[in-house]
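Q: Chain residues, written in single-letter form:
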Amino acid sequence: MKSYMGIDVGSVSINIVLIDEHCQVRDAVYLRTQGQPIKTLQKGLKEMASRLPGSTQIKGVGTTGSGRHLAGVILGADAIKNEITTHAVAASHLVPGVQTILEIGGQDSKIILLRNNVVSDFAMNTVCAAGTGSFLDQQAGRLNIKIEDFGPIALKASTPVRIAGRCAVFAESDMIHKQQIGCDISDILAGLCEALVRNYLNNLGKGKEILAPVVFQGGVAANLGMIKAFEQALNLPVQIPPHYNVMGAVGAALLAREAVKKSLSSRFKGFNVVDINYRAGGFECSGCANCCEVIEIRKNEEIIARWGDRCGKWSTALNNDLNTEEKIS
Amino acid sequence: MKVTFPHMGYMWVCLKAMLEYLDVEVVVPPPTSKKTLTLGTKHASEFACLPLKLNLGNFIEAYELGAEAILMAGGCGPCRFGYYAYVQKEILNDLQYNYNLIVLEPPEKHISEFLIKVKQLTGSKSWYQVIKAIRFGYLKAKAVDEMEKISLKSRPRELNTGSTDLAFKLALAEIDRAGTTDDLAVALVKAREIMSSVILDNHRSVIKIGLVGEIYTLLDPFSNQNIEKHLGKMGVEVDRSIYLSEWVNDHLFMGLVKNVRSREEACRASRPYLNHFVGGHGEETIGNTVLYAKNGYDGVIQLLPFTCMPEIVAQSILPGVCTDHNISVMSLILDEQSGEAGIITRLEAFVDLLNRKKEQREAVTA
Numbered sequence: 001m002k003s004y005m006g007i008d009v010g011s012v013s014i015n016i017v018l019i020d021e022h023c024q025v026r027d028a029v030y031l032r033t034q035g036q037p038i039k040t041l042q043k044g045l046k047e048m049a050s051r052l053p054g055s056t057q058i059k060g061v062g063t064t065g066s067g068r069h070l071a072g073v074i075l076g077a078d079a080i081k082n083e084i085t086t087h088a089v090a091a092s093h094l095v096p097g098v099q100t101i102l103e104i105g106g107q108d109s110k111i112i113l114l115r116n117n118v119v120s121d122f123a124m125n126t127v128c129a130a131g132t133g134s135f136l137d138q139q140a141g142r143l144n145i146k147i148e149d150f151g152p153i154a155l156k157a158s159t160p161v162r163i164a165g166r167c168a169v170f171a172e173s174d175m176i177h178k179q180q181i182g183c184d185i186s187d188i189l190a191g192l193c194e195a196l197v198r199n200y201l202n203n204l205g206k207g208k209e210i211l212a213p214v215v216f217q218g219g220v221a222a223n224l225g226m227i228k229a230f231e232q233a234l235n236l237p238v239q240i241p242p243h244y245n246v247m248g249a250v251g252a253a254l255l256a257r258e259a260v261k262k263s264l265s266s267r268f269k270g271f272n273v274v275d276i277n278y279r280a281g282g283f284e285c286s287g288c289a290n291c292c293e294v295i296e297i298r299k300n301e302e303i304i305a306r307w308g309d310r311c312g313k314w315s316t317a318l319n320n321d322l323n324t325e326e327k328i329s
Numbered sequence: 001m002k003v004t005f006p007h008m009g010y011m012w013v014c015l016k017a018m019l020e021y022l023d024v025e026v027v028v029p030p031p032t033s034k035k036t037l038t039l040g041t042k043h044a045s046e047f048a049c050l051p052l053k054l055n056l057g058n059f060i061e062a063y064e065l066g067a068e069a070i071l072m073a074g075g076c077g078p079c080r081f082g083y084y085a086y087v088q089k090e091i092l093n094d095l096q097y098n099y100n101l102i103v104l105e106p107p108e109k110h111i112s113e114f115l116i117k118v119k120q121l122t123g124s125k126s127w128y129q130v131i132k133a134i135r136f137g138y139l140k141a142k143a144v145d146e147m148e149k150i151s152l153k154s155r156p157r158e159l160n161t162g163s164t165d166l167a168f169k170l171a172l173a174e175i176d177r178a179g180t181t182d183d184l185a186v187a188l189v190k191a192r193e194i195m196s197s198v199i200l201d202n203h204r205s206v207i208k209i210g211l212v213g214e215i216y217t218l219l220d221p222f223s224n225q226n227i228e229k230h231l232g233k234m235g236v237e238v239d240r241s242i243y244l245s246e247w248v249n250d251h252l253f254m255g256l257v258k259n260v261r262s263r264e265e266a267c268r269a270s271r272p273y274l275n276h277f278v279g280g281h282g283e284e285t286i287g288n289t290v291l292y293a294k295n296g297y298d299g300v301i302q303l304l305p306f307t308c309m310p311e312i313v314a315q316s317i318l319p320g321v322c323t324d325h326n327i328s329v330m331s332l333i334l335d336e337q338s339g340e341a342g343i344i345t346r347l348e349a350f351v352d353l354l355n356r357k358k359e360q361r362e363a364v365t366a
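In the order they appear, the protein sequences are chains L and A.
With my numbering, you'll find the first sequence wraps up at 329, consecutive numbering, no jumps.
With my numbering, you'll find the second sequence wraps up at 366, consecutive numbering, no jumps.
These aren't lab readings, by the way, just hints derived from the structure by calculation.
A portion of the hints provided could be inaccurate.
[Claimed, not checked] As a list, the in silico EDC-like pairs of lysine to aspartate or glutamate whose alpha-carbon atoms are at most 16 Å apart: (1) A/K35 / L/D121; (2) A/K34 / L/D121; (3) A/K169 / A/D201; (4) L/K313 / A/D165; (5) A/K358 / L/D121; (6) L/K206 / A/E148; (7) A/K35 / L/E301.
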């Protein structure tokens, strides 16, 4: 079976997806990054490799997410693309005709508008991350609620309380206040969802025309409370695509498929990368007062990539085609 | 009296030239770096905006090199910048850095005060010499701006990555070295030669983005995380809406030099949206966005430091401008963080979007 692999290396999770020649999602692996992208990536690949039928041929690999360059260097990716593009590609593939994508991930939230199947506008959170998945996760943890139970509990609310949504710190102190005056936990959670939706729409929606069909994706789309809050605020039905939590990876796989069609061969280094010892190290350059943190990726003891220097002294010193093709700063 | 001043992009070339022309001893602060930022954020109030912190760091580093006086601009508008010089002086006092402070208030409001301050700096020099020195500084600013403009055009088209940056560094050194107006003319010829030695691919298809926003973050590559370089490498020809020489002409020469882009034009273009001075470059941000849209640019990026009031006013008006003029605008808010990965993701996505739009447009017209 010919297939393409897409990998989304995010701040909270790493998703690996396999699609077949007909762009159908065959398999998906979800792992928590836990601050160790390289190790987790290797673990995920190992798991994916063990599940694959013997006849599988990986024809191409794409990476996305904030760790896309890192993963791209290690794997030899054919497509390395930002999150906006991969999410839009995946959504318009899985939900034909989609016009608005609401996406909330661990660190970033974004809104993408498509018209005639092409991205016409987008916005990503600026300044703060108060309206993102990590914050919901943290609040659930504080209330000792499993994140999976968050939504169902929020749905039980009879009168959601009002919670400040502009800033995570204010939201938290508002929640604690409501908790101390004896409000019901489901009302507090529903209030929190409404606050985050308000924050999201004020922060990103700003004057943008939100048209149906609306798709909600990213890890937070699992939260029934958030879905309900969005539907109420927008007064539109909100769809959750089948692979809502791995859309970035699906998009990366689709883009890899396109890229390989052009280049005809893949740069994928194979599954044996899971057994190689990759290590990210680094040092503070003392060449000038900028004190850049230079990051080095070592394969066993050989340095395969380097980035982080403002002047290019270290990154250009490596005579490595990956490094020159991928302009990482 | 050894004089220092804050950094703002390549302003140091022009200020140094002007002051040295008047035989004033100058201490140029070390280039703004992470160390500058660390010093600034350590001693400044947390809610002050980024320029104050970086300036403060510049002053501390310059003091260690022997500077005795600070030359700083003042201001009188809705923007807090007007009291930055005094706040910085108080902070430096508390840290026991004994600086003299010379604040140049904008001449359009306080011409007499401006002249007194200039005299204080130049002492016995005649007004004729002072005027000649200011002219010399202005010529340097113009020369530097010319090199910057060439670099913005050549970076997206260069065949060897990094060759533009290298050429710019050499050209800047030529200009900086010139000590008289005649020297400068020779240096300028050399500098142009250096810049034109960058090998270009003139057939490459590039998209055009205009940069608007607050002057400090626009002019200073350290504070804007080298946005011009990043965009250039992504194949974007950048046009910056403010250059130092244009600003000097508008605010110090009252538009005396003709045939230079001026704020008047931008302010007129901002009229239907913003009819009032809101401080900083709020009006120019709106106006220049309109002008870029009219001139066929593919997109506009607004830069501002966190908490910049005039730009927040402009930011809230921009969505309307975008719809009316059918142009994409993205705002980037900058502060002391080093979250470069996030900025690059946003830039890359924005450039992707504009490329798609351009392809579509060309498909329709072809």
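Q: If a hint holds in the structure, say so; if it doesn't, say that too.
A: Tested hints:
1. Taking the CA atoms of A/K35 and L/D121, the gap is near 38 Å; set against the 16 Å cutoff, the hint is violated.
2. In summary, the hint linking A/K34 to L/D121 is not supported, as the alpha carbons are separated by about 34 Å, beyond the 16 Å threshold.
3. For the suggested pair A/K169 and A/D201, the alpha carbons sit about 21 Å apart, so the restraint of at most 16 Å is broken.
4. Distance hint between L/K313 and A/D165 is fulfilled; the C-alpha atoms sit about 13 Å from each other, no more than 16 Å.
5. Of the supplied pair hints, the one linking A/K358 and L/D121 holds, its CA atoms being roughly 14 Å apart against a limit of 16 Å.
6. Between the alpha carbons of L/K206 and A/E148 the distance comes to roughly 34 Å, so the proposed pair goes past 16 Å and is violated.
7. A distance of roughly 32 Å separates the Cα atoms of A/K35 and L/E301; the hinted pair therefore is violated under the 16 Å criterion.
Consistency with the previously given hints fails for numbers 1, 2, 3, 6, 7, ordered from lowest to highest.
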